[in-house]
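Chemist: Here is how the chains run, residue by residue.
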Amino acid sequence: MADSHTKDAFVEFDRVQKSYDGENLVVKDLNLSLPKGEFLTMLGPSGSGKTTCLMMLAGFETATHGDIRLDGQPINNIPPHKRGIGMVFQNYALFPHMTVAENLSFPLEVRKIPKTEREAKVKQVLELVQMGEFGGRRPAQLSGGQQQRIALARALVFEAELVLMDEPLGALDKQLRETMQFEIKRIADDLGITVVYVTHDQTEALTMSDRVAVFEDGRIQQLAPPDELYESPQNSFVAQFIGENNTLEGTVKEIKNGIALVQLDGGGLIDCKPVNVTKAGERTRVSIRPERVEFNKDRLSAEAHTLKAEVLEFIYMGDIFRTRLRVAGKDDFIIKSRNAPDQVRLEPGSQVEIGWMAEDCRALDA
Amino acid sequence: MLTTVGGKPLKEALAHAQSRAKRRAFLLVLPLLAFIVVSFIFPIGQMLYKSVSNTGFTISKDFGTGVSTPIMTNLAEWFEENPQGTDPDETAYAALAADLLVLRELKAPGQAGTRINYELSGSRSMFTKAARKAKKLAPPFKESIIDLDEDWADPSLWQAMRTASSAVTVNFYLAALDRKRADDGSVEMVPENRQVYVTLFKRTLILSLMITVICFFLAFPIAHLMATLPMRKSNLLMILVLLPFWTSLLVRTTSWMIVLQSQGVLNDAMVATGILADENRIQMMYNQTGTVIAMTHILLPFMVLPLYSVMSMINPSYVRAARSMGATSWTAFRRIYFPQTVPGIGAGALLVFILSVGYYITPALVGGADGQLISNLIAFHMTKSLNWSLAAALAAILLGAVLLLYWLYDRLIGIDNLKLG
Ligand SMILES: Nc1ncnc2c1ncn2[C@@H]1O[C@H](COP(=O)(O)OP(=O)(O)OP(=O)(O)O)[C@@H](O)[C@H]1O
Ligand SMILES: [Mg+2]
Chain E
0 MADSHTKDAF VEFDRVQKSY DGENLVVKDL NLSLPKGEFL TMLGPSGSGK TTCLMMLAGF
60 ETATHGDIRL DGQPINNIPP HKRGIGMVFQ NYALFPHMTV AENLSFPLEV RKIPKTEREA
120 KVKQVLELVQ MGEFGGRRPA QLSGGQQQRI ALARALVFEA ELVLMDEPLG ALDKQLRETM
180 QFEIKRIADD LGITVVYVTH DQTEALTMSD RVAVFEDGRI QQLAPPDELY ESPQNSFVAQ
240 FIGENNTLEG TVKEIKNGIA LVQLDGGGLI DCKPVNVTKA GERTRVSIRP ERVEFNKDRL
300 SAEAHTLKAE VLEFIYMGDI FRTRLRVAGK DDFIIKSRNA PDQVRLEPGS QVEIGWMAED
360 CRALDA
Chain X
0 MLTTVGGKPL KEALAHAQSR AKRRAFLLVL PLLAFIVVSF IFPIGQMLYK SVSNTGFTIS
60 KDFGTGVSTP IMTNLAEWFE ENPQGTDPDE TAYAALAADL LVLRELKAPG QAGTRINYEL
120 SGSRSMFTKA ARKAKKLAPP FKESIIDLDE DWADPSLWQA MRTASSAVTV NFYLAALDRK
180 RADDGSVEMV PENRQVYVTL FKRTLILSLM ITVICFFLAF PIAHLMATLP MRKSNLLMIL
240 VLLPFWTSLL VRTTSWMIVL QSQGVLNDAM VATGILADEN RIQMMYNQTG TVIAMTHILL
300 PFMVLPLYSV MSMINPSYVR AARSMGATSW TAFRRIYFPQ TVPGIGAGAL LVFILSVGYY
360 ITPALVGGAD GQLISNLIAF HMTKSLNWSL AAALAAILLG AVLLLYWLYD RLIGIDNLKL
420 G
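Keeping their order, the protein sequence lines are chains E and X. Number 255 in numbering that gives the first Met the number 0 belongs to position 256 of the first sequence; there are no gaps in the numbering. Number 167 in numbering that gives the first Met the number 0 belongs to position 168 of the second sequence; there are no gaps in the numbering.
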C-alpha cells in the first residue's frame, strides 16, 4: 500500500474511514498518496465508495476517522470553498439559469477577479475545450458532449491544481466517450494538473490513467499502473474486474522453482505462477487472459502441461476471433485469437489441446 | 408544396391522419368541458351581465305564470323625449302616475322602489306608499303626487329614475368604486362617510400582500428543509404541513378564536407568566391581526407545496459545484440556489395571493369590523341587502384585478415558468 507521509505527496489519504450511519463502514482504512501531476483513477463496482472518497476530498463529507492532506496540510477542517479544488460532476451541474460564459466566470467572480481579466480567462478556457463560439448559450441548448466540455472548462478556469471528476463521461455514447477520454487526458497533461478520476468503466481507467486504484467494498484492492493491473492482478477480484478473464478452481499440489502445479477440480494439471498461494494443499483460483491461451501445438513447449478442451462456439468479431470451449468441466472458457491470414479457425465440436506460459497463468486467492 | 408519396398535399394528409386523434381527444374532455360551462363559465357570464344590467325598474316578472310585463314605460318615454337636466313638468308627473297605477296592478311597487333605493336610499317606501294611493291621484298630477311626499320633487330622485329606466347601466360599477351620478348626470364621489368600497379594496390587496409575504418567509425554510431531509423525515414534515388541510376550515378558524381572543389561551398564558399585565391583554382577534394570522395559517400549504416541488428538483450538486468553485455558502445560496427556486416562489405567491384576495369565511369569523375583506361585502350584498348587481360589480372588479395581476406575472416572470407541483 501507499507509504504515508511521503514528502512529495500532493494528495494524501491517511487511514481514512467513513461511515454514514454509524453502523457500516463505507470506506475502510483508505491509504493513498499521489504526487503532483498524476492522473489517478478510482475504479470499482457501484457502491464501493468511490464517490464518497471524492466527496471527502472536496469537503462535502467529513472523514469519520483519519486525515486527508493536500500539499502536506490537513484539510479536514477547511471548508469546501477554500480548498481550491476543481470538480466535474457526473451530471455536469452546469447552472441552468446562467449562460455558458456566466457559468465559466462564476468561479472567477467569487474570487473577485477583475472583469477584463475574467473575460480573457473565460475566452481562453473556451478555446482550450474547443467551444469558442458557445459562450452565449444556455446549458440546456448544448449537447451532452458540449456540456461535458463546459463542465471541464469550469473546473479548470480558476487554475485549480487538483481536479476531481466523478464519472464525467457516464452519460455519453461510446464514440463521444472515447473522444472525450483523449481530450481530457490531453488537457490534463498540457496543464500539468493532478486529476482524481472516478469511473466504473475499466477501459476508460486503463487508457487514461497513470495509476488505477481498484476499489471494492470500501477498500483499495490494488493500486498500480494500468499494464501492471492488467497483467499482474494481485487477487481474483482484480483479475475478474479488469478485462476478460478465465478462471479455474483447484488445489495447489506443489510449488517448485517459482512454479505452482495446480490440480483442477474439473480434472487436469496445470502450471501457474504462484501469486497468493504459498504452500501445497491450498485452495486457489487461477486466472488466464483469453488472449494468452495457446492452442497451436507447435507453439507450446514440449514439457508444458496441457488441458483437453472441446470447442463449443466460434464467434467472428472482425479484428479477433472469440472461441468458447469446455475446459475442465466448465463451458465458459474463452480464447481470443487475432484475425491473421494464418490463424486457425476452430470448428465447433472439435477437440483441441490448450496450454499457456506458466507466468501468464496466475494462481490467486480462492 | 410538399406532397405525400401518393400525391396528396402533406398538410391535408397530416390533418386527415390527426383528425381521428383530435375527435378522440375532444370526446375525452367533453364531460369536463360541459361541467365547466354549466358550473363556471355560465355563472360568471351571468354575474358579469348582472353587474351591468338590472331590470328592477323596467320589467316585472310574475313568477306564478312566468309572464314578463314592461313597467314604467310612460316615464321611460318622457325621459327619452326630454334630455338630461329638464325639470319634470306636468306630463312627467302624469306619466309617473300612470306607471304607478300599473305597478299597483302588477303588485310591483316594491321591486321598482328597491331599484331606485340602490341609487338613493330611503326612496323605496315612497314607491309603495304612492302606488297604494295611485287610484286616487287626479290632475294636476304634479301637485297631487308632491302632496303625497314632497321628496317626489327631489332632482336626485328624478336622476335616479332616469338612470334606472334603462336596464343597462354602469352605475353599479360607479357605486362599487364609491362614486355616483350627480343630479346633472356627471360622476362624483359619494360623501366621505359613505365611502367604503375603495378602502376595502385597498385593505384587501394590502392584507393579501402581507399574508403572501409572511407565507413566503415561513414556507421557504421549511420547504428547503423538506427538500433536503431524507425521505422518511421529509414525509413526516409534509404531513405536518398538510395537517391544516385535513381539519375543517371552521374548526381551524374556531380554534384560532379560542387561542387568540383577549380572554384566550395565548393571552391567559402571557398574563399567567407575567409577561403581560391583566389589563393590557393584546387584542389579536376580531381585527386585522386576527385575519392575517388565521389566513396565513390556512394558506401556508399553498406556498409550501410549490416551493417544495421546485426545490426537490434542484440537484444538490449545483450548490456543491458552486462551493467547490470557491463560493461561500451564502453566495452559493444567493447566486445559484435562490434563482432556481423563483418559479416555485412565483407559483406559491400567485396562489396564496389570489386565494386570499377572494377569501371569505375566515375574515368573516375572526376579522371583526376592520378585518373584513371585500368578499365579505360581496357576500353581504348577495345575502343581506340583495343588491346582486352591486355584488356582481364588486366581484367583477376583483376578477379584473386578479387577471391584471396574472398578466403582470406573465409579463415579468412568464407563466410557463410556473411550477405548481
Ligand atoms: N448520503 C449518504 N447517506 C448514507 N449512505 C450513503 C450516502 N451516500 C452513499 N452512501 C452509501 O455509501 C456506499 C458508497 O457509496 P458511493 O456513492 O461512494 O459509491 P460509488 O462507488 O460512488 O458508487 P457508484 O459507482 O454507483 O457511483 C453505498 O453503499 C451507499 O449506499
Ligand atoms: Mg458514485
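None of these hints come from the bench; they were simulated from the model. These figures come from a predicted structure and were not determined experimentally. Virtual Cβ for every residue (Gly too), placed ideally from N, Cα, C. Among the clues, some could well be false.
Residues from chain X that face chain E, not an exhaustive set, calculated with beta carbons under 10 Å [claimed, not checked]:
#, residue
1, Thr3
2, Gly5
3, Asn314
4, Pro315
5, Val318
6, Ala320
7, Ala321
8, Ala326
9, Phe332
10, Gln339
Chemist: Evaluate each hint against the coordinates.
Modeler: Okay, the hints, checked on the actual structure:
1. Thr3: violated (32 Å)
2. Gly5: violated (37 Å)
3. Asn314: holds (6 Å)
4. Pro315: The hint holds - X:Pro315 has a Cβ within 10 Å of chain E, the shortest such distance being about 9 Å.
5. Val318: X:Val318 check passes; min Cβ-Cβ to chain E is 9 Å, inside 10 Å.
6. Ala320: holds (4 Å)
7. Ala321: holds (7 Å)
8. Ala326: holds (4 Å)
9. Phe332: This interface hint is violated because 12 Å lies over the 10 Å limit.
10. Gln339: holds (6 Å)
Violated hints, in rising order: 1, 2 and 9; the structure is consistent with all others.
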